[in-house]
Amino acid sequence: MNILILAAGYATRLYPLTQNRAKPLLDVAGKPMMEWVIDNLAPIPGIKKVFVVTNNKFAAHFQEWADGYNRTNAKLTFEIVNDGSTSDADKLGAIGDLNFVVQKYGIENEDLMVVAGDNLFSQSLEGFGALAREKNAPVLGVYDVGSLSEAKKYGVVAVDAGGVITQFVEKPAEPPSTLIGIALYFYPKHIVPLIRQYLAEGNNADQPGRLVQWLYPRTPVHTWSVPGTWFDVGSKETLEEANRIFAKFAR
Numbered sequence: 368m369n370i371l372i373l374a375a376g377y378a379t380r381l382y383p384l385t386q387n388r389a390k391p392l393l394d395v396a397g398k399p400m401m402e403w404v405i406d407n408l409a410p411i412p413g414i415k416k417v418f419v420v421t422n423n424k425f426a427a428h429f430q431e432w433a434d435g436y437n438r439t440n441a442k443l444t445f446e447i448v449n450d451g452s453t454s455d456a457d458k459l460g461a462i463g464d465l466n467f468v469v470q471k472y473g474i475e476n477e478d479l480m481v482v483a484g485d486n487l488f489s490q491s492l493e494g495f496g497a498l499a500r501e502k503n504a505p506v507l508g509v510y511d512v513g514s515l516s517e518a519k520k521y522g523v524v525a526v527d528a529g530g531v532i533t534q535f536v537e538k539p540a541e542p543p544s545t546l547i548g549i550a551l552y553f554y555p556k557h558i559v560p561l562i563r564q565y566l567a568e569g570n571n572a573d574q575p576g577r578l579v580q581w582l583y584p585r586t587p588v589h590t591w592s593v594p595g596t597w598f599d600v601g602s603k604e605t606l607e608e609a610n611r612i613f614a615k616f617a618r
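Heads up, the numbering used here is the position in the sequence shown plus 367, with the first residue counted as 1.
Hints are computed from structural coordinates only; laboratory data are not their basis.
Since no wrong hints were added, every one of them can be taken at face value.
Straight-line Cα separation of at most 30 Å, DSSO-like style, residue types lysine-lysine; simulated pairs:
no.	residue 1	residue 2
1	Lys424	Lys442
2	Lys520	Lys398
3	Lys471	Lys442
4	Lys458	Lys415
5	Lys416	Lys502
6	Lys538	Lys603
7	Lys415	Lys442
8	Lys603	Lys615
9	Lys424	Lys471
10	Lys603	Lys520
11	Lys424	Lys603
12	Lys502	Lys471
13	Lys520	Lys615
14	Lys458	Lys416
Ranges between beta-carbon positions, derived for each pair:
no.	residue 1	residue 2	range
15	Thr545	Gly435	36 to 46 Å
16	Arg611	Glu568	37 to 47 Å
17	Thr533	Glu568	14 to 24 Å
18	Thr533	Ala456	31 to 41 Å
Treat the numbers as computed from the prediction; the structure is a model and nothing was measured.
C-beta: ideal position from N, C-alpha, C; glycine also.
Construct the entire structure; sequences and hints are all you get.
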């Protein structure tokens, strides 16, 4: 199984902090956001390679980070992928980047786990990998934000008794629940070719949840509840909040 980390955005809402540094490389509680992702993915067995897709502006920064991370954590193999974009105006979008990496490296026939590089997890994602292997079907990470007003910012999901998605609504004005889909996905190798079909049909190339929204009526998409604390940094204020919250998880 390969892992693809989405890290090609420009995070303009965090300017000036992200004018010269990619958002996933900003520190939270003593280490880059990326490392909160990577450290919690690392316990998943059978990881072949970790692809980090970024843009032309920050590719060298991510390579420097990967080289440093590997000096103390040599068990993961990283491939930093430059998607060639230089600004929001010419970016490929998250799903566009996903397809770019799959096609460039010929991994269309391999299992793929996808995660946003600015997700903050307090606990291991090993259980996500276990469910993915068990189901051999698409899996979406879900989290209960506990507030309908907070849920409006995300893709809200409903599931059946077996945890399979029955409804997915992107940023609804009136959320049916507080359970949201986060940027943590598993696509088995028989599903990965559908990414190209999704884009060929002219669908939204950004917002990675849109792919799940398109996929679940076509094939069962399972869910996995993220344990512990999950946090999404979208502003300078939420970055400060993340530092306070994750300080207790730092190790």
